[in-house]
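Visitor: Chain by chain, the residues run as shown.
Number of protein chains: 2
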Amino acid sequence: MNRQPADVGMSVDEVDTPALLVDLDAFERNVEKMASFCSESGVRLRAHAKTHKSPDIAKFQIARGAVGICCQKVSEAEAMVDGGVNDVLVSNEVVGGRKIDRLAALAGRARIGVCVDDAGNIADLDRAAGSAGVKIEVLVEVDVGAGRCGVAPGEEAVVLALRVADSANLEFAGLQAYQGSAQHIRKFGARRNTIEQSIAKTRDTVDRIAAAGLRCETIAGAGTGTYRFEAGSGVYNELQCGSYIFMDADYGRIDLEHRSGNDEFGNALFVCTTVMSKARSGLAVCDAGLKAHSVDSGMPLVRGRTGLEYTGASDEHGQIKDPDDSLELGERLWLVPGHCDPTVNLHDWLVGIRNGVVEVLWPISARGMMF
Amino acid sequence: MNRQPADVGMSVDEVDTPALLVDLDAFERNVEKMASFCSESGVRLRAHAKTHKSPDIAKFQIARGAVGICCQKVSEAEAMVDGGVNDVLVSNEVVGGRKIDRLAALAGRARIGVCVDDAGNIADLDRAAGSAGVKIEVLVEVDVGAGRCGVAPGEEAVVLALRVADSANLEFAGLQAYQGSAQHIRKFGARRNTIEQSIAKTRDTVDRIAAAGLRCETIAGAGTGTYRFEAGSGVYNELQCGSYIFMDADYGRIDLEHRSGNDEFGNALFVCTTVMSKARSGLAVCDAGLKAHSVDSGMPLVRGRTGLEYTGASDEHGQIKDPDDSLELGERLWLVPGHCDPTVNLHDWLVGIRNGVVEVLWPISARGMMF
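Quick mapping for you: the protein sequence lines, in order, are chains A and B.
As numbered in this note's numbering, residues 1 to 371 make up the first sequence, in order.
As numbered in this note's numbering, residues 1001 to 1371 make up the second sequence, in order.
One chain only, chain A, in its complex shape (with noise of 0.2 angstroms):
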């Protein structure tokens, strides 16, 4: 873990960058936003860890209702578990010996479920399970759009869901049908037409299973760009919305129902950088770049500041169009990431502040956690 970037009681201005601050008021409203929102839906929350990677965080949502939390590597599932977190969803498939014996050990520390789309899979975490001396919760993953793991709804489910429920260190637990690619579409009748979609496929597949004698415990999946769509169904019963905590340039650009861009939830990350070079005018260098903030979703924004704009980052350098040559050497701003999720990783802090203070300081422990 690498050096902090601030001590509690430090004033935000004093906080080293670059620097991932949370701002702790934004942050709660988003977590009892959404805690109220599945309470009154009557739906279950499972908040997704991957956008934190922080069992402080974790456990600050499972005060707040959600009934868990989702990893998606076993190395972060372990993170949670050392962190006192002790109900964890690997969404995800574990394939191989020795990550698999690593999940079968930690189902002996904690309440552990995992996905499966292949049968050969389902036989290896069976085994592993029974020479652990435990038993694995098993969501069979369905394909509902998104192109990436999981089988085709149906019947391909079905064959999975009977191997499982026959597995003797298995138990079956539902489904896995996570849209991924629906999450970002940007215009409102789009992005539901896509999850109606998916819905339809999830009814469908838990019909089917039904048929076949088994129920599904848990319909899983959702995030925090269609979370409503999934809720409304009566076929979800599970989210797994992780941004909402934070959320991100990205996420800001979808549209909801009634008007343009999204501030359902408010910012509450930002990448605190400083002027490290004012040497040419109408340009700004800020000490923020590849290595603090994660570009695959566009570029970052500047937070209350207009005329300002972030246009380009290299390894250690964001560059910053500053028409009226505004800014300072040494000044601070504050970005708004692209993507919340992949910058949360490169970090090792997260430095929580209220009221111009630092008042928190959480370690992000599953930085890095890849395996």
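If you are wondering where the hints come from, they were derived from the structure by calculation, not from laboratory data.
Owing to the predicted nature of the structure, the values given are computational and were not obtained by experimental measurement.
Every residue, glycine too, gets a C-beta built ideally from N, C-alpha and C.
Hints may contain errors.
[Claimed, not checked] Label pairs and their calculated CB-CB ranges:
hint: 1; chain 1: A; residue 1: Gly84; chain 2: B; residue 2: Gly1133; range: 46 to 56 angstroms
hint: 2; chain 1: B; residue 1: Arg1332; chain 2: A; residue 2: Asn193; range: 34 to 44 angstroms
hint: 3; chain 1: B; residue 1: Thr1311; chain 2: A; residue 2: Asn193; range: 16 to 26 angstroms
hint: 4; chain 1: A; residue 1: Gly97; chain 2: B; residue 2: Thr1306; range: 28 to 38 angstroms
hint: 5; chain 1: B; residue 1: Gly1084; chain 2: A; residue 2: Asp255; range: 46 to 56 angstroms
hint: 6; chain 1: B; residue 1: Gly1084; chain 2: A; residue 2: Glu257; range: 52 to 62 angstroms
hint: 7; chain 1: A; residue 1: Asp101; chain 2: B; residue 2: Glu1331; range: 14 to 24 angstroms
hint: 8; chain 1: B; residue 1: Gly1097; chain 2: A; residue 2: Val360; range: 20 to 30 angstroms
hint: 9; chain 1: A; residue 1: Arg109; chain 2: B; residue 2: Gly1330; range: 44 to 54 angstroms
[To be verified] Chain A is faced by these chain B residues, among others (derived, beta-carbon under 8 angstroms):
hint: 10; residue: Ser1039
hint: 11; residue: Asn1092
hint: 12; residue: Ser1294
hint: 13; residue: Met1370
Using the hints, position chain B against chain A.
Guide: Same frame as chain A, but now just chain B:
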């Protein structure tokens, strides 16, 4: 530091994935080739450590003739000095009291240089060096075309050079004149023309500084895409190449003088990944996404396998077009990352392999060092 993906002596097929592999034969050939070139050309090599972030590799380069290394951040320089490197240029501006104080402290432990492009920053460095009782070597950075940090070539640089020379605790060491935006220009002729302009600006600035009574002991710049031009210029005397040790997909696309593509240095860095889903025809999903490699310069290439194309990355997944369904679940692939530097920054370990066996594990000690 996260868990190692492998142990020394292990077969490469047992390395946990995704992991960063270094083909040691290719790496050593690259290091030797650049060392020989510099020796024959009569220029110094100060290898850029932002590529590898490893004191072990830095010391390997120095043992083969490099005069020292470059870093971009004070925290990286600290990691290098802690790891036994005793000559580090921070080839970047250092702005802000805490960072400058740390830089001055480091200059008490190793030979330390830094770049400047602002008179106020020179005063801050001088004060900190005085307080720490050290001398810091200073290069004036000139913008020779990249449009990033650095003052304009010519008189602006002369003014700063004189200012440095007049500072009690600083030593004027010369010019930083790196043309970063030229490195990846595809066409050989366009790349050469761009650097010829940089050389002309640098030469003129050196001459003016000489006319003002100062000598540039170091005239530094050049990267893996352009180093032969700077080395042959009769102006530059210190090269700062970094990527040549590993190479990447983007550097592989620039043209050499007599042919398309760039095979001057061999690919030595690979992301080893496992097929974790093969549920759909025509598609395989691997376990290396945005957390395992950086896509800022394009998608990675699949090494040694025709007909396979890595077409998209999400946080934890890579989508690989597999029209012949040639891949099997659990199969391993080696990816040539799009951009080596930010890819290395995502990992904690470099796994050095030779003849199919893990020979060494190098900690990426300066990973995530951004202050």
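Visitor: So, for every hint listed, does it hold in this structure?
Guide: Taking the hints in turn, this is what the structure says about them:
no. : hint                                     : verdict
1   : Gly84/A x Gly1133/B: 46 to 56 angstroms  : holds (47 angstroms)
2   : Arg1332/B x Asn193/A: 34 to 44 angstroms : holds (39 angstroms)
3   : Thr1311/B x Asn193/A: 16 to 26 angstroms : holds (24 angstroms)
4   : Gly97/A x Thr1306/B: 28 to 38 angstroms  : holds (29 angstroms)
5   : Gly1084/B x Asp255/A: 46 to 56 angstroms : holds (55 angstroms)
6   : Gly1084/B x Glu257/A: 52 to 62 angstroms : holds (60 angstroms)
7   : Asp101/A x Glu1331/B: 14 to 24 angstroms : holds (20 angstroms)
8   : Gly1097/B x Val360/A: 20 to 30 angstroms : holds (24 angstroms)
9   : Arg109/A x Gly1330/B: 44 to 54 angstroms : violated (26 angstroms)
10  : Ser1039                                  : violated (28 angstroms)
11  : Asn1092                                  : holds (7 angstroms)
12  : Ser1294                                  : holds (7 angstroms)
13  : Met1370                                  : holds (5 angstroms)
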